[in-house]
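With the hints as your guide, set chains L and R onto chain B.
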Amino acid sequence: MNIAMDFWTWTAALLTLAILSFLWKDNPTYRAAEHLYIGVANGYSVTLIWYNVVVPNMIDPIAGAYRQVAREGMNWSVLNPFQEANFFVIIPMMVGALYITRFIPKISWMVRIPIGLTLGYYTAISIPASFEASILRQLEASIVTRAHMTMGFRPALWVFLVLIGTLSTLIYFFFSTEHRGILKPISNFGILVVMIGFGASFGLTVMARISLAIGRFVFLFKDWLGLVY
Amino acid sequence: MKRFQGTNRNKVKLKVQIPPVRSVLGLLTLLFAVSWAQAQDMDTLPAGMTGSGMDAVEVSERPEVVLNSPEITNVMDVPSDDGGMILINWKSPEGDTKPDHYILELKGPDGLWQIATRTVLTAYQVTGLPNFVPFSFRVKAVYGNEFTVSDISEEVVAKDHWVKLGKLPVFIAIFLFVVILIAFLHAARSGVDLFVRRISGLTEVENAIGRATEMGKPVLYVPGSSSIEDVATLAALNILGEVARRTVHHDVKIICPNRDPIVYTIAREIVKETYASEGRPDAFDPDSVFFMVPDQFAYAAGVDGIMVREKPATIFLMGMFWAESLIMAETGASTGAVQIAGTDAVAQLPFFITACDYTLIGEELYAASAYLSREPLLLATLKSQDYGKLIFMIIMAVFTFLALLFGLDVVSLIQVR
Amino acid sequence: MNDRTIWEKMMQVDRRVIYLIVAIVMIVPIIFPFDLPIKISKRTTLKLFNAIEKFPEQRSVFFISADLNPQDQPELYPMLVSWIRHCFHRKIKVLVMCLYPTSLGLAEQALNQVSTEFNNRASQGIGRRIVYGEDYVFLGYKPPPIVPILGLGENIFDVFPRDFYGNELKDYSTLPMMENIKNYRDMDMIGSIAANTLPVTYIAYAQARYGIAVTGGVTAVSVADFYPYLDSGQLTGMLEGMKGAAEYEGLIRETFPEEDGRRLATEGMSAQSTTHLAIILMVVLGNVCFFMQRRHESRRG
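Chains as they are written, first to last, in this note's numbering: chain B, 1 to 229; chain L, 1 to 417; chain R, 1 to 301.
Careful, some of the hints might be misleading.
[Claimed, not checked] In silico DSSO-like cross-links for lysine-lysine, where the CA-CA straight-line distance does not exceed 30 Å:
id, chain 1, residue 1, chain 2, residue 2
1, R, LYS91, L, LYS98
2, R, LYS42, R, LYS54
3, L, LYS107, R, LYS170
4, L, LYS107, R, LYS182
5, R, LYS54, L, LYS91
6, L, LYS140, R, LYS54
7, L, LYS159, R, LYS170
[To be verified] Stretches of chain B that chain R covers, calculated by requiring three or more beta carbons in the stretch to come under 8 Å of a beta carbon on chain R:
id, segment
8, 169-182
9, 216-224
Simulated from the structure, these hints should not be mistaken for lab results. As the structure is a computational prediction, the values presented were derived from the model and not from experiment. In this text, a Cβ means the ideal position worked out from N, Cα and C, and glycines have one as well.
This is chain B alone, in the form it adopts within the complex:
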């Protein structure tokens, strides 16, 4: 036995035990640890965002531009958004500040301006990207060609199965027609494929959760209690 002497290892171990106590039942030590985690994470994020986002992207350019004006007098270059120090950032800053209008009922509609801008930006940027990466590339990969057939019997069979699985699953999720006649057994096969997928994902979830528990137990028994060398 070789118990850790480090204060922080002890803190971490005790907090781990506090969280694990939830398995027995909900209790104040669990809640204290949970709130501590949320509080620490929030505080940490706020500080980081201040120093990594607000200061370099907002305060530095404005302060720099202000210093430039004080030094050289007013000129147009401080409005150039491509220059590192500029007053131009005030405009996006004000648009962003409109988020706060949510709390003023009379002008709360203004919150739609930044939301609209962000939504528009993200939609435009994500639609082509997801069409390419998640639809067209996947479509291309599911088409079976002669090249696949030269890869050997088993790989060839797999790509064929993947194609059939994809098609029948898509047919199951096709809502514009009744599943009658030939479509019925096909869509039944489709849902079978989906269920196999869920089974696999369920197994993987179990594996992941166990890994996390093992990680904590290794910490408790090795790093904290020193029971293992």
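Chains L and R alone, transformed into the frame defined by chain B:
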């Protein structure tokens, strides 16, 4: 009394309809067999199997042989790029001796040769060049301490381009989808009856509520743990209206606990309005739809409490769920209630499928909501997704047939570069 | 209602009993570990390992987006450590960035841990010294994810004027390796370590636009989401949860005999196997109870 528990209803019934199944299976086996046999007869690898087309060079050790020079086969500006790039291809020298590696050199307007790269491949894309400045290239093949040099290539300039032609399939796909979407939206708004098939889980809603009537027990409706921004929450609220309408008909009590204050307000309005529109405003119990608690697990614990105390005959778990999904579904199953779940959270679906009697899987939830609400926007989105899927299914099937039976290079038609 | 059958009683066993069973089968192999052969997955772990093995020495750059959080540390941290070890052994330059604030501490810890390991060995005359700025640079954190992911395709100096420690990125005397790195074109691969679908985000934005190879180190929960991208070649191999990390640790130990660092994922593998076995038995038992109970009920009518 028969207990309703577990997975019995989710079992896939493969009700075999022999003739069509046999013909489809036969056709597929035939296609596989024919293309497999064809592939075995081919001597050479078809295009697409040779990797990138660049051959790595093996080092051999036979010094006496005459050393040949490499030959530049192609120098070109990289098409559809943002400038600054030139692609150079060359042939490895003829003869048995293969070089250790190549040195690619370039010469700009200053007239000096500079090394662009050392490589064992026979192609290279030079980057970071100024646009519209002519460059020429030569390749040195290095054999130990000796080397041979290719002829100097013609001068080529790098250009930047406005359109990336390689992305044309993406543009066509998006354009097509938007056209279909607008067409269906227009159709739905002008009152065209858009067909959406009945979702099997929904057929059971009626029976499940009927069961609650028989047992004289309430119906519990959980509209998910997420906020109103989630599509799944919207779908859950649409389904809530339909469920509430049936509870009015059957005169069953509905219980709807909420986690999100905005969702709560809307859910309450929906239930209240349904009671009014069905002519029973007096029957609406203001305490039946209520706000519970915003904390995730506290909400789950609260819902579990209702399940255990009130013993509802039917439980609906619709919308977005996270880790609390199994906590709720397990407790519900242990009370013996009929459970109908629906979510698009892929990670939670396995839990619902194992613990509930019926599960609306992913898109089925949206489809159910569009089916029940007949909302034009929802219907149009669902229909255009359906036709998008149909187009892709056709492409997949037809292209596979063409590629296998005729060996056509159809994949390149949809390839994004 | 006291005539409950054994099957019914077993199905309603207190869940704390199950927690206890799982805890025991998990803890015993942690304290008394036993060696199990770890089979290397060819199309995920080995593919990635071989891809990195093929990078030319000295001038290759592996860009790691380390987006792990404390709650997924046991699965993802060993992957990050293994990747850094592999790159340092192969003299491949490492560039690390975080997209979430809570990842910063873990990423820095991994970089410090591995460089200390190497430098300790170097002081005993084994291997080489690792120097910050020459062998690796830690860029730090920049939100929201999409901004640095797209921005690094154009110009790294616009997105990160300074590194995590406040050094000017363009100060080539402190950070000499940055002289040859401007954007994705100068990097050989992106490795995205994340508990969510960030690797797909990298495929959609960085790979689709700039054509760079992408690999992932992901938690087992999300593995199934990535298989389609693996088959289509959009992902160059990947590491699947703690098992993937253990496989990678094994490959590194095999290829670089001087490597003696702690193998966190491998330590957990025997416990993982015993717990899986226990859970499989419980699933089988649960199903047997379920069907026996149903048979019992149908007999009783």
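Evaluated hints:
no. : hint                : result
1   : R:LYS91 x L:LYS98   : holds (28 Å)
2   : R:LYS42 x R:LYS54   : holds (16 Å)
3   : L:LYS107 x R:LYS170 : holds (28 Å)
4   : L:LYS107 x R:LYS182 : holds (23 Å)
5   : R:LYS54 x L:LYS91   : holds (23 Å)
6   : L:LYS140 x R:LYS54  : holds (23 Å)
7   : L:LYS159 x R:LYS170 : holds (27 Å)
8   : 169-182             : violated (count 0)
9   : 216-224             : holds (count 5)
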